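Peer 1: Residue-level listing of the chains:
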Amino acid sequence: MGTLSVDKLMKTSTGAAEFTLPATDGTANQVMQTDGSGQLSLANYTGPIATDAVGSSQIAANAVTASEIAASTITPAQMANSAFLAHRNLIINGAMQIAQRSTSVQKQYNSGSGYYTLDRVRLAMGNLDQAVFTLSQDSHLITGPAGFPNSWKIVTDTAETALASDEYLSFQYNIEANSCQHLAYGTSSANETTISFWVKSDITGTYSIMLYAADAGRNIGGTYTIDSADTWEYKTVTFVGDTGGTGINNDTGLGVQIVWALTAGTDRTSADNTSWGTFATNRNAYGQAVNVLASATDYWQITGLQFEIGDTATPFESKTYAQELQACKRYFQIPENWWAHSDASTATAFKFVHTFPVEMKAAPTLAAVGTPTINKMNANAAGPNSIATPGTANKYGFQLSFTTMATGSGSAAATNTPYSGYGGFTADAEIT
Amino acid sequence: MAIQTVTWVKELIDTSKNHYMIVVKDGVTTSVPLDSDNSDYQEVQDWVNAGNTISEP
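Just so you know, the sequences run in chain order A and B. Each residue of the first sequence is one higher than the one before, counting from 1 in this note's numbering. Each residue of the second sequence is one higher than the one before, counting from 1001 in this note's numbering.
Calculated directly from the structure, the hints in this document are not laboratory data. The model shown is predicted, which means the values in this text are computed figures rather than measured ones. All residues carry an ideal CB built from backbone N, CA and C; glycine is no exception. Please note: incorrect hints may appear among the correct ones.
Stated by the list, open to error - Computed footprint of chain B on chain A, listed as stretches where at least three residues anywhere in the stretch have a Cβ under 8 Å from a Cβ of chain B:
1) 124 to 130
2) 342 to 352
3) 381 to 392
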C-alpha cells in the first residue's frame, strides 16, 4: 500500500468534529495537544497537573529515580512543614538510650522532683503521701516499637490509693529557651507544633499532655488515649502556636516544658486548657482521667519522643548514640580523667584541671557521687578514694577550683602532691 | 524540697572573696557555683530572698 496523506480528520458519527493535524514532525518526547478547537500540534508538556490528579497508586515503584529529577527542581520552600529536614526534633535523648546517672532507681512520695535515671527527662511530683515507685530504662530489643530498644518506665511499688486534690506526678521534658526561638511564640507567625511518641501502660483511658511556655507564663493542653492495655501505641498531639504573651527569652533558661501527667488531683484538672492562656495550677492537667499510681504494679512507659514544627508528625529523627550523648552532656556529665594537685599546706584541698568534653549550659552544680579512682602521679600509688565536698567549675571545666578529698578506704592524702583520677562526682546544669 | 543550709566557701588564695557555696538540700551536699544561669544558684537566691542567710565558713 502506498502512502496516504491527509491533513485533516473528521468524526461524523455523532457530529462534525474536525481535527487539523500538525504540519511538522515535532521533536523527540513531545506530545500531541489540542487547542480545544480541533487544532492539533506537537509540543513539550507544560502542565499544569490538577490537584490530586496523580495519586500514589498511579506512580509505580521506582518510576521516578534521582537521575530523573533535575538539579534544583525541588527546593526547601517547596517541601511541606519541614518534612525530611534534619534537626527538626527539639528533644534530646528521645529514644531513651542515654542514662548517665543510673538505669534504675526507686523513689517515693517525698523524694522531690528531679532528673532520675535517663538523661534529659524529669519526674515532677508534689504532695503525694503514700506512693513508692521504681524508675528505669527499660529494654525491649525486638519486642518494643520497631527501632526503639529502650524506653523510660515507671512502675508503682506502693499505691497512692486516695488521691487528694493537690497531689500530682508527671513526666516532663524541658527545652532550653535559646533552642526554641524558631517557634516564634508571641508573634503573629507563631508556629504550630506536633508531639509524637510511643506509649504503653496497663491503665487504659485518657491522659493529659501540656505545653508550658515559661517566660510568658502561658500554657495549652490536650489529651491522648491509651486504647489497649499492655500494648505499645503511637500517639500524636498537635498544638497551635502561641501568638499571645511575651514570647520566649533568648537565653539558657527554660523555654518550653512538655508535661505528660501520670496522676493529678482535681486542683490541677479543673480548668479547660485547650487554648493558650495564662498558666494557673488548675490549667495543668485538664482531661487527665487515670491514675498510674492507683495500684501496685501499675506502670507507664514512653519512648520515641519527638517535638517538631508543623501539624504532622514526621518519622522519628534518629541520631547516633554519640550525638545524643554529646548533646546530653551540655546538661549533665560525670567528669572523667582529671588531674589535681594538693595544696602545699593542706592535704585535703586540691586544685583541679579538667576540660569538659562539651560546654555545659551553665556553670554546673557539683555533687560527690560514687567512688573516685585516684592515683598519686609521683609515687605510682593509690590516693584517697572519697570526695567529701566538691569544688566548683565554670561551664567549660575546672580551672583554679578545688575539691576536698577525704581518705575513705584509700591512702592518706598528702600535701603538695599531683594526682590523676576519674569519677567521684557529677556536674549538673539541668533545666529545672 | 527544702534547702537546709548554705555556707560560703572562700577562694583558696584570697580568702576575702567568696568562691562558691556548699548547699545541703534534702540531706544531699552539693557545690553550687556563683553563676546566675545555674538553677541551684537561682534557688539559693530565692531562699535568701525568703529571709534566710548564707553562713560564713
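Peer 1: Against this structure, judge whether each hint is valid.
Peer 2: Verification of the hints:
| no. | hint | result |
| --- | --- | --- |
| 1 | 124 to 130 | violated (count 0) |
| 2 | 342 to 352 | holds (count 3) |
| 3 | 381 to 392 | holds (count 4) |
The earlier numbered hint that this structure contradicts is number 1, and it is the only one.
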